[in-house]
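2 protein chains.
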Amino acid sequence: MNTELMMQAQCAKEAAVKLAVATTEEKNKALLLIADALTERCDEILEANRLDCDAARAKGTGNAMIDRLTLTKARIEDIAEGVRQVADLPDPVGEEIESFTRPNGLKIRKVRVPLGVIGMIYEARPNVTVDAAVLALKAGSAVLLRGSGSALNSNLAIVKVMREALRDTDIPEDAIALVGGVSHDVVDEMMSLRGYIDLMIPRGGAGLIRRVVDGCRVPVLETGVGNCHIYVDKYADAEMAEKILINAKTQRPAVCNAAETLLVHADRRETALSLCESLKAAGVTVHGCPEICKLFPEAVPAEEADYTDEYLSLHMAVKIVESEDEAIAHIRRYGTGHTEAIITGCPDAAEKFTRQVDASSVNVNASTRFTDGFQFGFGAEIGISTQKMHARGPLGLREITSFKFIVEGTGQIRG
Amino acid sequence: MNTELMMQAQCAKEAAVKLAVATTEEKNKALLLIADALTERCDEILEANRLDCDAARAKGTGNAMIDRLTLTKARIEDIAEGVRQVADLPDPVGEEIESFTRPNGLKIRKVRVPLGVIGMIYEARPNVTVDAAVLALKAGSAVLLRGSGSALNSNLAIVKVMREALRDTDIPEDAIALVGGVSHDVVDEMMSLRGYIDLMIPRGGAGLIRRVVDGCRVPVLETGVGNCHIYVDKYADAEMAEKILINAKTQRPAVCNAAETLLVHADRRETALSLCESLKAAGVTVHGCPEICKLFPEAVPAEEADYTDEYLSLHMAVKIVESEDEAIAHIRRYGTGHTEAIITGCPDAAEKFTRQVDASSVNVNASTRFTDGFQFGFGAEIGISTQKMHARGPLGLREITSFKFIVEGTGQIRG
Chain D
536 MNTELMMQAQ CAKEAAVKLA VATTEEKNKA LLLIADALTE RCDEILEANR LDCDAARAKG
596 TGNAMIDRLT LTKARIEDIA EGVRQVADLP DPVGEEIESF TRPNGLKIRK VRVPLGVIGM
656 IYEARPNVTV DAAVLALKAG SAVLLRGSGS ALNSNLAIVK VMREALRDTD IPEDAIALVG
716 GVSHDVVDEM MSLRGYIDLM IPRGGAGLIR RVVDGCRVPV LETGVGNCHI YVDKYADAEM
776 AEKILINAKT QRPAVCNAAE TLLVHADRRE TALSLCESLK AAGVTVHGCP EICKLFPEAV
836 PAEEADYTDE YLSLHMAVKI VESEDEAIAH IRRYGTGHTE AIITGCPDAA EKFTRQVDAS
896 SVNVNASTRF TDGFQFGFGA EIGISTQKMH ARGPLGLREI TSFKFIVEGT GQIRG
Chain H
536 MNTELMMQAQ CAKEAAVKLA VATTEEKNKA LLLIADALTE RCDEILEANR LDCDAARAKG
596 TGNAMIDRLT LTKARIEDIA EGVRQVADLP DPVGEEIESF TRPNGLKIRK VRVPLGVIGM
656 IYEARPNVTV DAAVLALKAG SAVLLRGSGS ALNSNLAIVK VMREALRDTD IPEDAIALVG
716 GVSHDVVDEM MSLRGYIDLM IPRGGAGLIR RVVDGCRVPV LETGVGNCHI YVDKYADAEM
776 AEKILINAKT QRPAVCNAAE TLLVHADRRE TALSLCESLK AAGVTVHGCP EICKLFPEAV
836 PAEEADYTDE YLSLHMAVKI VESEDEAIAH IRRYGTGHTE AIITGCPDAA EKFTRQVDAS
896 SVNVNASTRF TDGFQFGFGA EIGISTQKMH ARGPLGLREI TSFKFIVEGT GQIRG
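Respectively, the protein sequence lines represent chains D and H. Plus 535 on top of the position in the first sequence (first one is 1) and you've got our numbering. Plus 535 on top of the position in the second sequence (first one is 1) and you've got our numbering.
The hints are simulated quantities; they were obtained by calculation from the structure and are not laboratory data. Certain hints may be false.
If you want the footprint, here are the derived chain H segments under chain D, 3+ residues with CB under 8 Å [what the hints assert, rightly or not]:
| no. | stretch |
| --- | --- |
| 1 | 675-684 |
| 2 | 837-851 |
Simulated pairs of lysine-lysine, BS3-like, Cα-Cα distance not exceeding 25 Å [unchecked claim]:
| no. | chain 1 | residue 1 | chain 2 | residue 2 |
| --- | --- | --- | --- | --- |
| 3 | H | LYS769 | D | LYS642 |
| 4 | H | LYS778 | D | LYS642 |
| 5 | H | LYS769 | H | LYS642 |
| 6 | H | LYS829 | D | LYS564 |
| 7 | D | LYS815 | D | LYS769 |
| 8 | D | LYS645 | H | LYS608 |
| 9 | H | LYS564 | H | LYS548 |
| 10 | H | LYS564 | D | LYS887 |
| 11 | D | LYS564 | D | LYS548 |
| 12 | H | LYS548 | D | LYS645 |
| 13 | D | LYS642 | H | LYS887 |
| 14 | H | LYS815 | H | LYS829 |
| 15 | D | LYS548 | D | LYS695 |
| 16 | D | LYS815 | D | LYS778 |
| 17 | D | LYS769 | D | LYS829 |
| 18 | D | LYS608 | D | LYS548 |
| 19 | D | LYS887 | H | LYS887 |
| 20 | H | LYS645 | D | LYS887 |
| 21 | D | LYS553 | H | LYS548 |
| 22 | D | LYS769 | D | LYS645 |
| 23 | H | LYS564 | H | LYS769 |
| 24 | D | LYS548 | D | LYS645 |
| 25 | H | LYS778 | H | LYS695 |
| 26 | H | LYS548 | D | LYS887 |
| 27 | H | LYS608 | H | LYS564 |
| 28 | H | LYS642 | D | LYS769 |
| 29 | D | LYS887 | H | LYS553 |
| 30 | D | LYS769 | D | LYS564 |
| 31 | D | LYS778 | H | LYS564 |
| 32 | H | LYS887 | H | LYS769 |
| 33 | H | LYS564 | D | LYS548 |
For every residue, glycine included, the Cβ atom is placed at its ideal position computed from N, Cα and C.
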C-alpha cells in the first residue's frame, strides 16, 4: 500500500472526527472563505488549468473535452457562487428524523449524522473538485478526491486554495485532500481502503463507474449512467410529446438525464413519423426499428447497441411497441434505473407505468431532464444515484449523510 | 457460471417483478399459508433436521452449535407464529415518504418500492431461512437464500414447504429459492450476480461477514459484528451501572448486542472493583488492564485481542480510562459501530458521548441489549446493520426497501 495514500486516509479520518462535531456556523464560515479564496486566487488556478489544457491539446484531445476541462474567470466565479449557495442550504447534520418512546420508557431518537470520509473518483471537469469538497464539508464529512490525470494541475491548484482557506477556521485542512499523482494504481489502492473510506462515489462515464463498482471494497454509491426512455402512449397528446421529446433529447444531450430511446405505441404511427421529423429538424439522427425505418426512410437501422448504450449526443433510438406492456418490458431490459417518462392522457396508463417501471425517477408528462438536485429543490448535488440502496436520484446534502439512534433510558435492562 | 444458479437468479428476478406489484392482501395470504404449512408439515421438516443434527454430531460439532441447529415441534410453532406476526405488520411498499410541488407545477412524490431480489448468505440456524424469506416477501422482494451446509437438509425441507404454500397464491414460487448444494463456489458465484441481486445481506460470524463484504460485487448491507462497550462515567449511579452491565453481558452473551468491554472512569476505581466482583459472581471472567489487575487480582491480564474481538461468551475486557475523552477514543478505535452505552448522571457527559460516538445505537443509561427490531418497535428484523449506508441498526421491513420519485407534470420541459 502506498504510504502517502495511507497517511492521507488516516489524516482524513482524523479530520472527519473533528468535522463531524463542527457547528453549522463554523462550516458555513469555511465555505464562504473557500468561495472568496477561489475568486481571489483565480489567476493561480487559471495558470494551472492552462497547463492541463495545453497538455490535452498536445495529446490531440477533442474540442468538446477541452471545453469541459477549461476554466475561465467567469467559470471560477460561477463555481464560487455555487459554494456560497451550499453555505445557504440547511445543515443536514443533527436533524431529528424521527423520535418515539417505547412502553418501557426508553426515548429513541433517529438523528442524522455525517458519513465520515467520502471518497470520490471522477473524470475531467475541475468544477467537480469544488462541488464534491464543499458538499461533503457541509454534510460533515471529509473527502478524498481522485480526479483524472488530465485535470491534475487544475485540481492541485484548486485543492491547495481550498485547504489554505481552511487555515482560518476550526476545520482541519485534511478535511479536503487530493489523492495521488498520475499513477493509476492509486485508484485500486483507494478502492481497498476499508475502515478509512465510508462511502465511495464514482462520477464519470460508464467505464469509470463500472470499474469502481466492480473493484471497490468499500460501499459504493453508483451514479450517473442514464439510458433514459420516453414512451409515447396510445393516449398521448402529440404536441406535448413533441415538446417534451425535443427538450429531453436536445436541451443538453451529453448529460445523464437526456433521453436516449423513444418508444411509440403502435396505434400512433403518424405521431411516430412526425416525432422522427421533429428530431431530424432538431439535428438528431434517428436509429429506427424496422417499422420506423419503413415509416421514416431516413432512419438508420437500429442495432442492439442502439438500445443498450447511451449516445450522450444527437442520436436517438426510436422503436414502435405494440402495447404499454411491451414498452415497460423494453425499459426493464435496457433501462439503467435513472429516469423514465411516459407521455399519456390516460390516468390508468400513467398509474401502470409509474407502478411497474423501476427507476430513480418515473415521470408522467414531464421531461427526463428534471432529475437533478436543483430541479427537485434539493439544491446542489454530488451526482445522481442509479442504485437502489441508500439513496436514489439526486444526491443532495441529506443523501450523503447517515444516521444513528440515540437511546435514552433511566436504567432500563432487557427482560 | 453455474447454470442452475443463473436459472434460479433469472427466475427470482422475474418473480420479483410480479411480487413488486402484489397487493398487501395477496402477500399476507401467502404468509398465512406459509405459517400453516410449516406447522402442518412439521414432521417432514423435523425429519430433515434430524439428518443435519446427526451429521453434525458425527462430525463432533459442539453442543451449543447442535442446539442452534436443532428444530423441535415447539420451535417450528414459534417460527410459524413469527410468520403470522409479519403478516400483521404494515406493508412498507407504496408508502409515500414525502411529496412536494415545484414552482413549475411538477408534483413530486417519493414512494417506497421493493428492492427487487435480496441475496442472503447465512450460517447455521434454520429459522433464519423462514425469517429472511417472509420479511423479503412482505417487503415485496424475492430472495435467494444460501444457508450453511450443516443445515442443508433442514433448509431444503423448509424452502420446499414455503414454495409449495405459494402455489395457492398469485405469488410465484420462485420468489423464494435456496441456492446451490454443498459447493462453496456457489457463494462466490452468487456474490458476482450483478444485475440479478439488488442487495446482499450476510448474517453470521465475523468470518462470514468479512468474506461477503470483501468479495461481493453487488451492494452489501453489512450486519452483525458487535464489539459493544459500556462506559461507566465519573457521574454514574453505581447500582444502575451494575444492573445494566450484568444485563448487557449475561442476559444472552452469544448475540451481537451483548457487551464485550467495560470502561470505567479513573475516579471510580471502587465502582470498578465492585463491578468486577459482580461480573465474577455472574460467572464472567474478567480480562483486565494493568490497573484493573492491581485492583482485582483474579482478573486475567488483557491483551490486544481482548479489546478487538467479540467474546460472545462469559468473558469481558475491563479497562480504567482517565477521562470520557479516553473512553470515546477507545470506542472509536475498537468499536464496530453497533451499540455503545454510557452510564452517567451528568447530562453534559451524556450529550458529549451521544454526539461523538459513532455507532448505529448510542445508549444513555440503558442496556446494549435493546438494539433489536422488536425492542425498537419495528417488529421482526432481518439483521442489525453496522454500516453507515442505506440503513443502520435493526433492519425491519422498511429498511429492506428502496424508493422512487414519481414526477407528475402537464407537459413541463426544462428551460
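Checked hints:
1. 675-684: violated (count 0)
2. 837-851: With 0 residues in contact (Cβ-Cβ under 8 Å with chain D), the coverage given for the stretch 837-851 of chain H is violated.
3. H/LYS769 with D/LYS642: Judged against 25 Å, a Cα distance of about 23 Å means the pair holds.
4. H/LYS778 with D/LYS642: Holds: H/LYS778 and D/LYS642 sit about 19 Å apart, inside 25 Å.
5. H/LYS769 with H/LYS642: Violated, at about 54 Å.
6. H/LYS829 with D/LYS564: Judged against 25 Å, a Cα distance of about 50 Å means the pair is violated.
7. D/LYS815 with D/LYS769: With Cα atoms ~22 Å apart, D/LYS815 and D/LYS769 stay inside 25 Å; holds.
8. D/LYS645 with H/LYS608: violated (39 Å)
9. H/LYS564 with H/LYS548: holds (22 Å)
10. H/LYS564 with D/LYS887: holds (23 Å)
11. D/LYS564 with D/LYS548: Within the cut-off at roughly 22 Å; holds.
12. H/LYS548 with D/LYS645: Between H/LYS548 and D/LYS645 the Cα gap is close to 33 Å, so the pair fails against 25 Å, i.e. violated.
13. D/LYS642 with H/LYS887: Roughly 17 Å separates the two Cα atoms, so the pair holds.
14. H/LYS815 with H/LYS829: The given pair, whose Cα atoms are some 16 Å apart, holds under the 25 Å limit.
15. D/LYS548 with D/LYS695: holds (19 Å)
16. D/LYS815 with D/LYS778: Distance of about 14 Å is within 25 Å: holds.
17. D/LYS769 with D/LYS829: Since the Cα atoms of D/LYS769 and D/LYS829 sit roughly 20 Å apart, the hinted pair holds (cutoff 25 Å).
18. D/LYS608 with D/LYS548: violated (34 Å)
19. D/LYS887 with H/LYS887: Since the Cα atoms of D/LYS887 and H/LYS887 sit roughly 50 Å apart, the hinted pair is violated (cutoff 25 Å).
20. H/LYS645 with D/LYS887: Given pair H/LYS645, D/LYS887 holds - Cα atoms ~17 Å apart, limit 25 Å.
21. D/LYS553 with H/LYS548: violated (44 Å)
22. D/LYS769 with D/LYS645: violated (46 Å)
23. H/LYS564 with H/LYS769: Between H/LYS564 and H/LYS769 the Cα gap is close to 55 Å, so the pair fails against 25 Å, i.e. violated.
24. D/LYS548 with D/LYS645: holds (24 Å)
25. H/LYS778 with H/LYS695: violated (45 Å)
26. H/LYS548 with D/LYS887: holds (19 Å)
27. H/LYS608 with H/LYS564: holds (23 Å)
28. H/LYS642 with D/LYS769: Distance ~23 Å between H/LYS642 and D/LYS769 Cα, so the pair holds.
29. D/LYS887 with H/LYS553: holds (13 Å)
30. D/LYS769 with D/LYS564: violated (55 Å)
31. D/LYS778 with H/LYS564: Between D/LYS778 and H/LYS564 the Cα gap is close to 46 Å, so the pair fails against 25 Å, i.e. violated.
32. H/LYS887 with H/LYS769: Holds. H/LYS887 to H/LYS769 sits at ~14 Å (cutoff 25 Å).
33. H/LYS564 with D/LYS548: Violated, at roughly 49 Å.
Checked against the numbered hints given earlier, the structure breaks hints 1, 2, 5, 6, 8, 12, 18, 19, 21, 22, 23, 25, 30, 31 and 33 and satisfies all the rest.
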